[in-house]
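With the hints as constraints, model all of the structure from the sequences given.
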Amino acid sequence: MKQRRFDAAWAALALVCLPVASLAARRSPIATNLAGVADWTTEYPFVNHFKMARPWFSANASHWEDTARPLLLDSSGHVKALAPGQYARSVLFAGSPPDPGLSSKRFVVLFSGSGTLEYGNVQVVSRQPGKDTIQLKTVAAGQDTELIFIITLTATNPANPLRALRVLPAAGGICAGDPYKQVASAAACNSSTLYRSYAKAHAEILFMPQFLAGLRPYRMVRFMDWQRTNNAEMQRASQRAFERHTFWTTDRGVPLETMIRLANTLGVDPWICIPHKADDQLVTTYAQIVKSLLAPRLRVHVEYSNEVWNGMFSQTQYALEQGTALKLDSDRYTAMAKFYSRRSQQIFAIFKRELGGTRQLRRVMATQAVVPYFTQQILSYGDARRSADLFAIAPYFGTTLTTAAQAAEVKRLGVAGVLAWLKSPAGAGGRPSNAVLGYGSLADVDAAVAAQVAAVRPFGINLTSYEGGQHLVAAGGLTWDAQLNAILDAANRHAGMKQVYLQYLSAWRARTGQPLTHYVHCDRWSVWGRWGAKEYPSQPRAQAPKLDALLQYASANPLEP
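Residue numbers for the sequence shown follow the numbering used here, beginning at 7 and rising by one.
What the hints contain is simulated information worked out from the structure, not anything from laboratory work. Since we're looking at a predicted model, the values are computed, not measured. Ideal Cβ placement from N, Cα and C applies to all residues, glycine included. Heads up, some of the hints might be wrong.
[Said to hold, decoys possible] Mimicking DSSO-like on lysine-lysine, the simulated pairs with C-alpha atoms at most 27 Å apart in a straight line are:
#1 137 to 187
#2 111 to 86
#3 358 to 417
#4 187 to 206
#5 187 to 111
[Stated by the list, open to error] Distance windows between CB atoms, simulated:
#6 492 to 250: 41 to 47 Å
#7 164 to 564: 56 to 62 Å
#8 196 to 519: 19 to 25 Å
#9 69 to 199: 20 to 26 Å
#10 544 to 431: 35 to 41 Å
#11 534 to 74: 28 to 34 Å
#12 363 to 431: 42 to 48 Å
#13 250 to 464: 45 to 51 Å
#14 303 to 177: 31 to 37 Å
#15 196 to 500: 17 to 23 Å
#16 125 to 534: 25 to 31 Å
#17 250 to 500: 42 to 48 Å
#18 163 to 500: 40 to 46 Å
Following this line, the structure appears as structure tokens:
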């Protein structure tokens, strides 16, 4: 099997970089989703930052983008040749506001082959054959600033194309055996032979120490967004992401091998999602990669797609069509739920076969938190109760604001009032405590969780979470309401949000006894949501009340594996 070739190399590397599994992480009551890898996100997982850059796009001297002339690329995403007057362009660290920790930071740009690179919005410190050094600069971006790093390939030699471009921190590295701590030089290691600089050992050091350290408190990591699960078109094994690919920001997502390496490094369980159109060979390939690479002490959580019930994603339409075509039920939405159950069971069977049993396998089905009817339909279909180990929901609190009345109510309440609403008891007869805002208080969520616990109980399956946390977001015609968004931002940054989270986590644990899988660990907030427990990697814990709550709760409330 091809994957076995990875084992020898990475087993040797483990002696240098991989720590023993953290007992604290294995007993943690919290898990997390990771934000998707993109040029504009504020999580920087990889030592080679170019992996998260925007894929090359065609440009020219007069236009930012040249849509009339597609680029000629090889199978890894390298530019093979440029047409006369054509450029290839990419960007990194886009978006505002920027992470203050990146300000004035220096990077080295390494490359092979022959060509010409030009850089924008940075200071070029030095140029050498195959190696440039640049320093980031803060630039204006509307009413804010950003650190967008523009990389433009203006010429390349078709006989020896410029390729294998890497963007690495110019200074620092790690001491072998401690991948969680960045050090400035060899002097910080017990022996100079233990020092691994980013610039020289980037083939060995895959993940940034700050990224790894931030994930240590979690017992499990869900890779749904790393995999670009929503609206995925991937069907065959040949279409998947490979580690040799120049960019991990395409529709293929991050390679599964990289996700398993991260799980092994952290000593935590990985949670992976199978694309909704995946054929059996792609599923088999995924299972074989897991078998080949996953550390023996860890278990992979496997889920079919993501939120197949959610009409905003193409996987819902696909399941509706498949369930209807198979005549699984006269009601199309019930047929959708049954198709989801059917395909999940088929995927679980493939993983069980390839892994030689379920010792390293946790089979997860999921549905909408407030619809126990779907739970019952999914678990009643076929052999679901014996095929699944866990049933997951996303017990978010807060709400998606879509009406003028809701916007007016939030503006009337203000930050303090919104936080008070979240902690308010249920109204008479179990109705929402705020008739205008509707469902969204902790009491509302607790009632929904209780209903789902009751729904899964007859099937002998535990209820867990695939996502969770706050869900304060404006949508539709309210998306760009500045006053409304300012209140939602301020509520998320308010010290009182920590107490809301602590109450929420305690209630979830009391109902289910399962870890809460937060969405997400780190990501820049925007009008599209305030999902990150912290907003950027260098943000102090004291300025991130959601993260503070998660960490405090984790340290005080261990949960046995």
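Practice problem: Please write out, lowest number first, the hints stated earlier that are contradicted by the structure. | Solution: Result: hints 2, 3, 8, 9, 15 and 18 break, sorted rising.
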